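So the protein lines, in turn, are chains A and B.
No gaps in the numbering here: position 24 of the first sequence is 24 in my numbering, and each next residue is one more.
No gaps in the numbering here: position 192 of the second sequence is 192 in my numbering, and each next residue is one more.
Honestly, the hints are just simulated from the structure, not real lab data.
If you're wondering where the values come from, they're calculated on a predicted model, not measured in any experiment.
Check the hints yourself; a few may be wrong.
As the list claims (entries may be wrong) - Facing chain B, a subset of chain A residues (Cβ under 8 Å, in silico):
hint : residue
1    : Ala15
2    : Leu16
3    : Tyr48
Said to hold, decoys possible - Lysine-lysine pairs mimicking DSS-like chemistry, simulated, CA-CA at most 27 Å apart:
hint : chain 1 : residue 1 : chain 2 : residue 2
4    : A       : Lys45     : B       : Lys135
5    : A       : Lys45     : B       : Lys145
6    : B       : Lys41     : A       : Lys74
7    : B       : Lys135    : A       : Lys11
8    : B       : Lys149    : B       : Lys209
9    : B       : Lys149    : B       : Lys135
10   : B       : Lys41     : A       : Lys11
Every residue, glycine too, gets a C-beta built ideally from N, C-alpha and C.
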Amino acid sequence: MDSHDFALWEKRVDALMILGAARGHFTVDGLRRALEDMGEDAFEKMTYYERWIAAINQNLIEAGVYSLEELGSKMAEVEARGETYGAAQ
Amino acid sequence: MPHDHHDHLSPSGHPYRQDNDGPLSYWQTMEIAVRELMIEKGEVSAAEVSAQIDAMDARTPANGARVVARAWSDPEFKARLLANGSDAAREMGFDIGPMHLVAVENTEDTHNLIVCTLCSCYPRNLLGLPPDWYKTREYRSRAVKEPRKVLSEFGLDLPENTTLRVHDSTADMRYIVLPARPKGTDSMDSDALAALVTRDSMIGVGLPKSPA
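Let the hints inform the model, and build the full structure from the sequences given.
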């Protein structure tokens with residue numbers, strides 16, 4: 001019943017949420033709207049922080065901070081760095 | 001054999017702790033990409049991300065415990081806390097952000113419980129990050145449907161004539177339970193009182209400790 005140690009990537013998602021909101025790119029309402037739009041499946045299959053990074057990403061693209069294309073090439077670049085989070089981070 | 005952790009203990013006897021050595025997942029890839037894009041666009045710096053994580057790690061239920069202990073020992077502060085939780089917490093130097101913090105008081109005949117039925121809203125400025133169970137679908141639904149049963153699973157059996165109020169947090173409104181001051185604590189100062197205040201007692205799934 002106790003809390004686990006949060007993984008680094010989870011803490012970073014949390015930090016990005018706070019910092020992105022502080023920059024005025026989204027509100028908690030905007031994040032929740034994205035979460036609610038994901039459909040029931042997301043709540044069965046994704047973990048908590050997986051849903052949050054998806055919601056943050058969607059809000060940042062909508063706010064014009066970066067484009068879908070930029071995200072795509074960046075994710076490909078990150079994936080190519082290695083097979084673990086530690087190698088790719 | 002550092003990776004042979006089937007019994008969850010390393011040869012030195014330390015519990016095995018997972019490192020960042022699992023396969024990179026799609027969502028982790030997205031986190032790295034989003035963070036780096038934000039840095040490239042000048043939205044945040046790597047140092048700000050680290051500082052934010054540090055600040056978050058520094059928040060613990062000890063913050064909330066100090067607020068509760070003060071309310072127990074200072075009736076005027078308690079009145080301010082119940083009237084406007086955000087202002088009262090700010091008065092003690094805690095950063096509450098734009099959120100409305102609502103303190104709900106446990107009394108002899110009323111017990112309060114907090115939940116966020118939709119996700120995980122939690123008075124994190126005073127309690128740190130929510131425990132895993134608080135975020136589970138199980139807790140989020142059952143805290144509303146059968147709160148007495150949930151409390152009894154936490155070891156808290158409420159008398160039948162106690163009124164139980166369940167508070168559903170929202171994006172901009174967070175609740176914190178002000179537990180009832182335990183008996184036998186009349187001579188204790190704020191620090192000693194704060195040591196009795198547990199995280200669970202401020203969520204409402206537990207009671208403060210009794211003085212030793």
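| query | Which numbered hints are broken by the structure, listed smallest first? | reply | Structure breaks no hint.
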